[in-house]
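Asker: Listed here are the chains, written in short residue letters.
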Amino acid sequence: MRKALVIYLMSGSGTPELAEAAVAGGANLVELGFPFSDPLADGPVIRRAAERALAEGMRTRACLECLVQTRERVDVPLVPMTYAALLEAYGYERFAADAHAAGATSLIVADLPAGERPDLRRIHLVAPTSTDERIELAAGLTDGWLYLVTVAGTTGARAELSPALAPLVERARRLTSVPLYAGFGISTSEQAAAAAAFADGVIVGSAALLAAEDGPGALERFVARLRAALDS
Amino acid sequence: MSEGANGFYGAYGGRFVPETLVPALDELERSWRSALDDPSFASNLDELGSTYAGRPTPLTLAERFAPGIRIYLKREDLLHTGAHKLNNALGQALLAQRLGKRRIVAETGAGQHGVATATVCARFGLECVVYMGSEDMRRQRPNVERMHLLGAEVRPVEFGTRTLKEATSEAIRDWVSNVETTHYLIGSCVGPHPYPEIVRELQAVIGREARAQILEAESRLPEAVVACVGGGSNAIGVFAGFLVDSEVRLVGVEAEGAASLSSGRSGVLHGARSSLLADEDGQILDAHSISAGLDYPGVGPEHAFLRDTGRAEYVTASDDEALAAVAQLARTEGILPALEPAHALARAAGLDAELVLVCLSGRGDKDLAEVLAHR
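For the record, the sequence lines run as chains U and W.
Position one of the first sequence corresponds to residue 9 (the working numbering), numbered consecutively onward.
Position one of the second sequence corresponds to residue 38 (the working numbering), numbered consecutively onward.
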């Protein structure tokens with residue numbers, strides 16, 4: 009089966025065009041960051057992107073509008089990724105409903121672990137530190153696929169693919185049959201291919217944001233290289 | 038006890054953290070419960086309190102500070118390292134040992150918690166990394182130097198406001214990245230469950246002692262108990278001694294530009310729901326205070342709960358009022374308070390109460406440069 013390639017982009021005025029480029033390069037799913045002022049799970053690249061987006065006025069409503077515009081350009085699943093603070097302020101049910109209406113396929117909330125707000129349908133994350141019980145809980149609740157955090161740490165490039173990924177995939181396979189996508193610390197084609205040897209898909213965030221700084225063409229070429237590495 | 042299920046105080050508290058930390062918080066909670074059930078934990082802590090930290094701290098009647106009424110100062114400024122922060126740091130260092138963790142990370146604003154953490158790490162031979170905003174490093178230079186002398190590594194935080202909020206975020210990110218080896222020694226009654234409860238219980242010694250001491254001195258309870266509130270740990274500690282005494286008013290004093298209880302809204306920051314300085318989209322706003330220890334847009338969830346239930350009341354004091362209170366206490370009592378408790382002092386005399394207890398949470402040596410610059 010073809011491996012899934014998930015690209016993370018931060019919401020902003022250029023994002024619909026960037027999303028189109030990512031899909032043209034071979035992305036199967038696009039995560040759209042809704043920026044938060046104090047993102048605990050994020051490393052420096054996504055943090056800086058969030059700061060810039062907030063300075064541009066990318067508040068919740070503007071992000072939802074960005075989602076609508078992105079949906080007009082691409083037909084792959086679109087998944088907002090954000091923090092609980094935004095949902096607390098906007099209302100959890102209202103956020104889910106409005107995001108869906110704007111074209112979102114699901115939702116990721118980085119600081120709302122499995123077990124909290126079970127009514128909110130979303131993609132759950134598990135980490136190398138997660139117990140088997142928590143992996144089972146997250147897999148049972150997750151919306152379609154499970155987000156495997158490859159490292160104990162924040163988002164951002166690492167020199168090597170985390171050695172924690174293989175044992176995490178192995179544990180998760182024993183506990184669930186949902187697709188497993190690996191993210192955090194995957195920035196290069198080599199790392200993507202290595203991660204895809206275990207996982208059903210890979211998620212690239214910080215490195216995609218850096219590529220996107222040089223425009224849609226650069227992002228499309230970057231994504232195409234990842235796609236080629238996954239398909240080879 | 039106002040503690041609800043899953044670490045909620047009414048609507049406040051909880052655990053809004055990345056999944057990576059959930060198992061560590063579960064482990065911390067188990068270790069904390071087992072420590073509470075283990076008489077040796079309490080006796081170790083008591084012994085450290087008396088032989089190392091200087092407990093019990095005295096209660097001082099400040100007659101010349103407030104003529105005509107009786108204001109008692111609970112002298113946490115006389116605790117080793119100069120502030121109440123050591124109570125919590127000692128207890129959490131014992132917890133870290135039970136958890137088998139040899140590396141400690143902490144955040145600090147005024148530097149008092151950083152110094153307390155560096156101190157206990159030196160005392161127990163633990164590796165210590167303290168995150169501090171570069172703006173706070175500038176205005177609390179002596180505490181940075183103290184931490185260095187104590188063997189801690191102080192990592193400057195250059196993001197955002199370069200103050201306590203960013204330092205806390207960086208400490209949590211460090212913890213996420215090193216959670217297998219590291220204990221996060223949080224400095225206030227904030228953060229994800231079970232931290233607010235742990236810090237409250239470790240600071241409750243202030244209220245226990247103060248209640249017995251004022252009964253001894255006056256044969257009655259105070260009409261009001263006053264403490265400054267940033268994250269709120271000295272306040273929750275002293276309030277804890279009087280929560281059941283419904284006739285005792287509990288008064289928290291926030292910095293005017295960091296009044297997360299007096300002018301905040303419900304939101305999520307640093308792993309918990311509480312009352313915060315935030316905009317209508319949930320984005321956190323900047324706090325502003327001359328006092329680095331109060332310069333924080335959040336507050337412990339239990340304070341938000343005590344506000345909503347009406348058990349405690351929260352007021353504010355300005356930078357200028359705090360500076361005036363520093364000078365007044367220095368000249369009338371020969372006590373140089375830190376800028377943080379100076380906010381509590383600034384409100385203590387105007388409460389329409391004859392007998393008042395103020396938690397003097399720390400001493401003012403660290404603030405000399407800042408106070409002199411504003412003269």
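If you are wondering where the hints come from, they were derived from the structure by calculation, not from laboratory data.
Just so you know, even glycine gets a beta-carbon here, dropped at the ideal spot from N, CA and C.
Check the hints yourself; a few may be wrong.
[As the list claims (entries may be wrong)] Partner residues aside, some chain W positions facing chain U, computed with beta carbon under 10 Å:
1. 53
2. 56
3. 61
4. 73
5. 75
6. 115
7. 117
8. 210
[What the hints assert, rightly or not] Chain W regions said to be covered by chain U (calculated; three or more residues, Cβ under 8 Å):
9. 195–209
10. 301–315
Asker: Of all the hints given earlier, name the ones this structure violates by number, lowest first.
Answerer: The structure conflicts with hints 4, 5, 6 and 7, although it agrees with all the remaining ones.
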